[in-house]
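So the chains spell out like this:
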Amino acid sequence: MKLLVAFLAERVHPDVITLISSFGSNRGLEPFSPRISIIAVRVLRNAHQISYRHDDGGTICRQSARQIKSINNRGEMPVFEWLETTALAIWVGESLWGYPIVLGTHAIGLAIVVGIFVMLDLCMLRVIRGVSFNAFLSLYLLAWIGLLLNVISGSALFTSQATTFIESAPFLIKISAVFAGVIVGIFIQRRLKLRAADWDNADTHIESSATALAALSLVCWIGAIFAGRLIAYL
Amino acid sequence: MMESLVQAIEGGAINTWVLSTYWLWPLLEIIHFIGLSLLLGSMLIVDLRLAGYLRQIDIMSMHRLLPWAAIGFAMNMVSGFLFFFGDPGRYSINIGFRIKMVLVLIAGLNVLVFALKINPLIGNWEPHGDTPGLAKAIAWISLSTWTGVLLLGRLIPYIGTG
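Chains as they are written, first to last, in the working numbering: chain H, 1 to 234; chain C, 1001 to 1162.
Worth flagging that the hints you see were computed from the coordinates, not collected in a lab. Among these hints, one or two may not hold up.
[Said to hold, decoys possible] Some but not every residue of chain H turned toward chain C, in silico, with C-beta under 7 angstroms: (1) P100; (2) L103; (3) G104; (4) A111; (5) V131; (6) P170; (7) T204; (8) I225; (9) F226; (10) Y233.
The beta carbon of each residue, even a glycine, is placed where N, CA and C say it ideally should be.
Just chain H, with the same shape it has in the complex (with noise of 0.2 angstroms):
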């Protein structure tokens, strides 16, 4: 039975879980004995059809099998389904001006971030020489709110596609590459804090671990980007 419990909790909406629980009470039954046997569960992901039978006359119970269809049609992802709901998805997506504002604040928020890494990046790996690594310390700060910008828009139009996007290799790739490309870049400004005047010096040797983060920092940035442009295509 507990195989059953965990059998379900992975397929199945809670709440369907839980009438399923109850089911058995309304009939003096121990919620959740081995008496209640579920013959046959089957969770068709898009149609949102379970089938099941009690043991105890094996009769198919139709009417809770329409509960649970009810119930499992809310779908199996509330919370991005609610998302799609919120005041701030329809204006993104139904709204005249919603989505071309958040995709422009998205693509400016963009060019900012990935715009100066991507300069910071080939400084550290010294394919540009002679640009001063302090002035990238002030520029750090226009990355971040350039980052913040993205955040922001990027989040309203999640919500705008929630259970579309949420499904989507490339959206999860993009997510993963912009999150591993922030952290990145927070280990290179701690190390710019120490090593800019230094690295400011010409000819002055920059450590193989910071040109290895720069090179990761691309990698990020630019997977991103692929990652990115793709999720409309698959």
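Based on these hints, arrange chain C on the given structure of chain H.
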């Protein structure tokens, strides 16, 4: 004029290639986005210095960043041409696209003014000092036109599609 241009493109070799290569459009978009990051990232730093900020940067070292603006611009010009050749009918009548091209032209003229009026004098400036008024004006025109190009480009599919 625009109509005859569209007619000349449609059905041509490039038009057919762009439309029939199914992975090409997303690849072009990726190139276009990486290009815009290079262009706007380098221009942001150059323009902020030219506007008198970020004085830690030796003004002469801006020349190290400018090639990256050129690389980004070249990536976007090539991918942009292929976008246009892939769907000339929709781009040519799109008001967002038209204003974007005008802004690119203004940005280009701005670069020309920079190259003729400012660049020859930079060597005489204080490397970490303030910049003259004309340089500041050029910097702000550059920042605002490229931002406008970015915004209009992003919104081409959503505004003024006729």
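Consistency of the hints with the structure:
1. P100: For P100/H, the interface hint holds, since the closest Cβ of chain C sits about 5 angstroms away, which is under 7 angstroms.
2. L103: With a minimum Cβ separation of about 6 angstroms from chain C (threshold 7 angstroms), the hint on L103/H holds.
3. G104: 5 angstroms, holds
4. A111: With a closest approach of 4 angstroms, the A111/H hint holds.
5. V131: 5 angstroms, holds
6. P170: With a closest approach of 10 angstroms, the P170/H hint is violated.
7. T204: 15 angstroms, violated
8. I225: 5 angstroms, holds
9. F226: Given a least distance of 6 angstroms, the restraint on F226/H holds.
10. Y233: OK, holds: Y233/H within 7 angstroms of chain C, min 5 angstroms.
Of the numbered hints stated above, those contradicted by the structure are hints 6, 7, listed in ascending order.
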